[in-house]
Structure formats: C-alpha cells, structure tokens
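Each protein sequence line maps, in turn, to chains A and B.
Numbered per my numbering, the first sequence spans residues 1 to 223.
Numbered per my numbering, the second sequence spans residues 1 to 118.
Honestly, the hints are just simulated from the structure, not real lab data.
Using N, Cα and C, we set each Cβ at its ideal position, and we do this for glycine too.
Hints may contain errors.
Stated by the list, open to error - A few chain A residues facing chain B, derived, Cβ under 10 Å:
1) Leu33
2) Ile47
3) Gly48
4) Met85
5) Phe87
6) Ser134
7) Leu187
8) His189
9) Leu197
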Amino acid sequence: MSTEARAEHFPAADWDGGVFPYRVGHRKLGMWLFIVSDSLTFSALLIGYSYLRASNVWPTPFPFYPSIVFSSVMTFCLLSSSLTMVFAVSASSRGDRAKARKWILGTIFFGLAFLVLHLIEWNHLYSEGLRPFSLPADWVTRYAAPDGTLPSPLFGATFFTITGLHMFHVFTGAIYLAVVAARLNKLKHEDVEISGLYWHFVDLVWMFVFPLIYIMSVDIGTH
Amino acid sequence: MSAHAEKHEHFAGSNKLFTSIWIWLVLLTVIEIVLAYRPMAMHFMLTILLGLSIVKAALIVAYFMHLKFERLSLILTIVPMLVICICLLFVFFPDSFRSHGLRYKFKETPPAPAAESH
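Using the sequences and the hints given, assemble the complete structure.
Right, here's the structure in full:
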C-alpha cells in the first residue's frame with residue numbers, strides 16, 4: 001500500500017491542514033452552520049407555539065376559503081421555487097450562466113408570489129379583527145370550551161410571529177437571489193449553490209409551519 | 001481520477017430526479033390538506049402531519065440541498081446534533097400539559113378586583 005493510499009484511510013489526515021475536511025468550501029460550511037442555527041430558532045418558536053397551544057383552549061379559525069386555499073397555493077409556490085432553484089444550480093454546474101440566471105429569476109418570481117399571497121392572507125385575518133394580543137370578538141364566543149374557558153388571545157401573537165419571521169426569510173432570500181442573479185458572471189458555482197441552500201431552507205421551514213399553523217387550525221365546523 | 005481541474009463542477013442528480021422529488025413533495029402536501037378535513041383525534045392527526053413533514057424535510061435536505069451527495073463527515077456534523085437539540089426542547093411539554101386549563105376560566109364570573117393591600 002503506497003503512502004498516499006494509506007493516508008486516505010486515516011481520517012486524521014483530513015485535519016492536518018491543506019485539505020477541505022468536509023470537501024466543501026468554507027463559505028458553504030458557513031451557510032450550513034447558519035442553517036443549523038436558524039433551524040433552532042424556528043424550532044424554538046414552533047415549540048413555544050405548541051407549548052401555548054397545549055396549555056390553552058386554542059381557536060381553530062381557518063376556513064377553507066380564503067385561508068386554506070391561499071396557504072395551499074403558497075405551499076405550491078414555495079415548492080416550485082425550490083425546483084426552479086435546483087434547476088438553476090444544476091445549470092450553473094454545467095457552466096450555463098444564462099440558463100442559471102433565468103431559473104433564479106423564476107425562483108424569485110415564485111418567492112414574490114408567495115409573499116403577495118401571504119400578505120393578502122394576513123390582511124384577511126387583520127380585517128376580521130385578529131391582533132397580536134387579542135382575538136376577534138366573535139372568535140372568543142365561538143371557540144370557547146364547553147366549560148366556559150375562553151380561547152387564548154395569544155393565537156395572534158404566535159401566528160404573526162412565526163409566519164412573519166418566515167415571510168422575512170422569504171423576503172431576504174429574494175433579495176439575496178436577486179444579488180446573485182445580478183452578479184452571476186463574477187460568482188463561482190459554489191456561491192450559486194450556497195444561495196440555493198438558503199432558499200431550500202426557507203422552503204423546508206414552511207413544510208413545518210404550514211401543517212402546524214394552518215392544517216392543525218382548520219375550521220371543520222364542529223363548534 | 002479527477003485530480004486535474006475540471007471546467008464543470010460536479011453536481012449529482014438529474015433534473016428528472018429533482019422533478020420526481022418535487023412531485024412527491026406536492027403529493028404529500030395534498031395528503032396533508034385532505035387529512036385536515038378528516039375527523040380524527042387531535043394527537044393522531046398531529047403525529048401523521050409531523051411524520052409527513054419530517055419525510056418532506058428529509059427529501060428537501062437530501063436532494064434539493066444535496067446533503068445526500070456530500071461527505072459523510074459533513075452529514076454527521078450537521079444532522080445528529082440538530083436533532084438532539086430539537087428533541088431537548090420537548091422537555092417543556094410536561095409543564096405545558098400541567099398548566100392546561102389554569103387560565104381564562106372567567107367567562108361567567110369575572111374575578112373580583114384584588115383588594116388594595118399596602
């Protein structure tokens with residue numbers, strides 16, 4: 001066995017310097033670490049929401065239209081934006097910058113569609129009277145428990161915080177992608193891949209927000 | 001094998017593969033929406049929804065975020081500690097169940113304002 005071949009079998013050689021131990025650049029590793037910390041932020045928020053929900057009477061106010069229809073179309077937009085982003089990264093890996101830029105612009109389009117639909121959906125709830133620390137008056141009587149326990153006024157706080165922080169991520173992601181698309185000729189392939197990682201992460205978070213916030217609070221008319 | 005500089009970066013997975021992953025993700029989402037309108041116990045539904053969400057998250061991380069094609073040491077650095085940290089957050093739930101129903105029970109008889117005591 002030659003020395004070189006043996007070195008490959010010793011993991012310690014990875015950490016002696018001169019190589020990328022994870023076989024990814026430092027920027028990509030940095031984005032992965034950011035994604036880990038951001039996942040913990042969203043986990044903490046979602047678990048805080050679940051804590052409140054399990055310890056209170058919780059309203060289940062979302063009607064099929066507009067809330068569920070809107071949030072489903074929004075989910076579809078985000079999933080499609082992830083697909084266009086992965087096409088962009090794939091095109092960029094082949095060195096096809098023009099196509100990569102086109103797919104990134106498609107991703108931004110779906111991201112902005114998500115934002116607009118979400119703001120319309122927020123506006124529905126706001127005009128119904130939902131505020132961060134109070135429920136609309138008719139929800140209070142409608143969703144009170146049979147023993148008279150009132151629904152928690154913190155519904156709005158959890159809803160606006162979690163979906164708002166996610167919306168902020170989509171917004172910053174769209175700006176990030178716009179910068180990447182504009183500077184594509186100066187960037188390396190890995191930079192495009194890193195922006196893709198961020199965008200897919202935003203999609204991933206929504207895969208938990210959508211069922212926990214929307215699907216679990218569907219108004220099925222049992223009240 | 002590929003020690004010489006390559007013009008094209010290696011990016012595993014074909015567009016066909018990614019499209020089929022996208023179709024799976026959309027299908028799982030449709031299942032979630034249908035489930036919302038099936039009458040079933042809350043904790044049963046929560047378990048199914050979280051299970052589906054974890055499958056969807058795994059598909060996104062593995063294929064779209066390309067983690068499946070990365071080096072094992074990167075996967076082992078990122079995934080297990082995140083899973084452990086998130087599981088540690090569940091330590092709060094016994095308290096949550098304990099305090100259920102302790103608040104907002106004042107529909108018929110609002111509490112008398114507390115007497116001033118100085």
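Violating hint indices (sorted, rising): Per hint list: 6, 7 violated.
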